[in-house]
Amino acid sequence: SQKIEQNSEALNIQEGKTATLTCNYTNYSPAYLQWYRQDPGRGPVFLLLIRENEKEKRKERLKVTFDTTLKQSLFHITASQPADSATYLCALDNQGGKLIFGQGTELSVKP
Amino acid sequence: DGGITQSPKYLFRKEGQNVTLSCEQNLNHDAMYWYRQDPGQGLRLIYYSQIVNDFQKGDIAEGYSVSREKKESFPLTVTSAQKNPTAFYLCASSIRLGVVGYGYTFGSGTRLTVV
Numbered sequence: 005s006q007k008i009e010q011n012s013e014a015l016n017i018q019e020g021k022t023a024t025l026t027c028n029y030t031n032y033s034p035a036y037l038q039w040y041r042q043d044p045g046r047g048p049v050f051l052l053l054i055r056e057n058e059k060e061k062r063k064e065r066l067k068v069t070f071d072t073t074l075k076q077s078l079f080h081i082t083a084s085q086p087a088d089s090a091t092y093l094c095a096l097d098n099q100g101g102k103l104i105f106g107q108g109t110e111l112s113v114k115p
Numbered sequence: 014d015g016g017i018t019q020s021p022k023y024l025f026r027k028e029g030q031n032v033t034l035s036c037e038q039n040l041n042h043d044a045m046y047w048y049r050q051d052p053g054q055g056l057r058l059i060y061y062s063q064i065v066n067d068f069q070k071g072d073i074a075e076g077y078s079v080s081r082e083k084k085e086s087f088p089l090t091v092t093s094a095q096k097n098p099t100a101f102y103l104c105a106s107s108i109r110l111g112v113v114g115y116g117y118t119f120g121s122g123t124r125l126t127v128v
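Residue numbers (my numbering), protein chains in the order written: chain V, 5 to 115; chain Y, 14 to 128.
FYI, nobody ran anything at the bench for these hints, they're computed from the structure. Treat the hints with caution; some may be incorrect.
Stated by the list, open to error - Once the Cα atoms are required to be at most 25 Å apart in a straight line, the calculated SDA-like pairs of lysine to any residue come out as: (1) Lys22(Y) with Val49(V); (2) Lys75(V) with Leu110(Y); (3) Lys61(V) with Val112(Y); (4) Lys102(V) with Lys27(Y); (5) Lys7(V) with Gly53(Y); (6) Lys22(Y) with Phe101(Y).
Stated by the list, open to error - With beta-carbon atoms standing in for the labels, derived distance ranges: (7) Thr126(Y) with Glu58(V): 36 to 44 Å; (8) Thr24(V) with Tyr23(Y): 30 to 38 Å; (9) Arg57(Y) with Ala83(V): 33 to 41 Å; (10) Ala87(V) with Gly16(Y): 17 to 25 Å; (11) Lys7(V) with Tyr23(Y): 30 to 38 Å; (12) Gln18(V) with Thr33(Y): 29 to 37 Å.
Glycine residues also receive a C-beta, built at the ideal position from the N, C-alpha and C atoms.
Excised from the complex, chain Y in its bound form (with noise of 0.2 Å):
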C-alpha cells in the first residue's frame, strides 16, 4: 500500500536538545510538506519542498529545519531554537506543487513534547 510514514509516534525532548522526525512516503510524489497543529488551531506549515535538494520556509520555520536527500525522504529536526516545540507535526505529500485536482496525503503525525 503506498502511503506516508511517520516515525516515531510518540517523541520526548529535553529543553537544549535537537530532535528529528522521520517522514517517508512511497507515493513518487514530488511535494512534501511539514505542518505544526496546536490544539484549537489550524495546520501550519514549517517547511515544504517541491524537489529533491530543494525546500523553501513555510509561515512558521524559525527553529525548525529539513533536507531533502532522496524524493522519498523530508526529515525534520526541532532545534533547541525552537522555544516552543511541544506540538503534533504533521508531514504530507502531493503529486507536485500547484497540481490541482488532488488532495494532499498525509502520514500520521509525530505528537512531540517537552519534557
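Chain V extracted, bound-state conformation (with noise of 0.2 Å):
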C-alpha cells in the first residue's frame, strides 16, 4: 500500500540548533514532494518544492534534501528560532498533480 510517513514524536531542540525533519514515502513515485509549515487552528502555509531531479533545496534558513533512491526527504532548519515551533508537513503529488500529506511533525525549539 502506498504510505508517507513522518516522526510521530515530537522534536524538541534548542534555539540556535539545526532541526532535522523526516519524510519517508513507498509505493509512491512523485515528481515532485512540498514542504509546508503549519500553525495550531490555521492552515498550512508552502514553504518549498523540490523536483525528483533535485538532490537538494534552499531558501533562507531552510534547506530540503530529496533522495528517489532511499524514498526519503529531509527538512531542515538551521539556527533555529522559537518562532519556528510549530507541525511541518510533507507531501507528494500522486501522479494525478493532487497532493498526499504526511501527518506532520510537531517542532518545540526552546529558547
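Mind assembling these two chains? They're in different frames, but the hints should get you there.
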C-alpha cells in the first residue's frame, strides 16, 4: 500500500541548533515533493518544493533534500528560533497532480 | 491581498443535519480542493475541482457533496450520511492541477463539531 510517514514524535531542540525532519514514502513515484508549515488552528503554508531530479533546495535558513532511491526527503532548519515552532507537513504528488500529505511532525524550539 | 477565505471558523452540527462550509478565493486559481484533518493524521482529500462545473471525488468523499458554479467558489456540504463529521476542514487552491513549481494556498480552516 502507499504510505507517507513523518516522525510521529514531537521534535524538541534548543534555539540555535539545526532541526532535521524526515519524510519517507513507499509505493509512490512522485515528480516532486513539498513542505508546509502549519500553526495550531491555521491552514498549512507552503514553504518549499523540490523536484525528483533535484538533490537539494535552499531558501534562507531552510534546506530540503530529496533522495528518490531511499524514497526519503529531509527538511532542515538551521539556526532555529522559537518562532520556528510549528507542525511541518510533507506532501507529494500522486501522479495526478493531487497532493498526498504526511501526518506532520511537531517541532518545538526552546529558548 | 489575494487569498482564500473559509467561513465560518467554527460550526456546530446537530445529528441528522446538513451543513455547508464556504470557500472563496480571489487568486484566479483554476483548481480547488477540500481536505479533512483529524488529530495525528495527515490531510485527507475529500473532493477536488479542476475547472468550473467539474469536480472529482477524492479518497474520502462519502457523506460529502460539492459544487463549482463559479471559479472563485467551492462550497462543501457535510450531509447527514457522514457518520463522523467532527474534524478540521481545509480548503485549498492551486494555479492548475498538475502544474509543478507552485504550492497550494490554504484557507484558515473550519472546525466542525457535532453536538
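So, going through the hints one by one against the coordinates:
1. Lys22(Y) with Val49(V): holds (18 Å)
2. Lys75(V) with Leu110(Y): Satisfied, since the Cα-Cα distance of roughly 24 Å is no more than 25 Å.
3. Lys61(V) with Val112(Y): holds (19 Å)
4. Lys102(V) with Lys27(Y): violated (32 Å)
5. Lys7(V) with Gly53(Y): With a Cα-Cα distance of about 15 Å, the restraint between Lys7(V) and Gly53(Y) holds, given a limit of 25 Å.
6. Lys22(Y) with Phe101(Y): Holds, at about 10 Å.
7. Thr126(Y) with Glu58(V): 36 to 44 Å: holds (42 Å)
8. Thr24(V) with Tyr23(Y): 30 to 38 Å: holds (36 Å)
9. Arg57(Y) with Ala83(V): 33 to 41 Å: holds (34 Å)
10. Ala87(V) with Gly16(Y): 17 to 25 Å: Since Ala87(V) and Gly16(Y) have Cβ atoms about 21 Å apart, the given range 17 to 25 Å holds.
11. Lys7(V) with Tyr23(Y): 30 to 38 Å: holds (32 Å)
12. Gln18(V) with Thr33(Y): 29 to 37 Å: Since the Cβ atoms of Gln18(V) and Thr33(Y) sit about 46 Å apart, the hinted range of 29 to 37 Å is violated.
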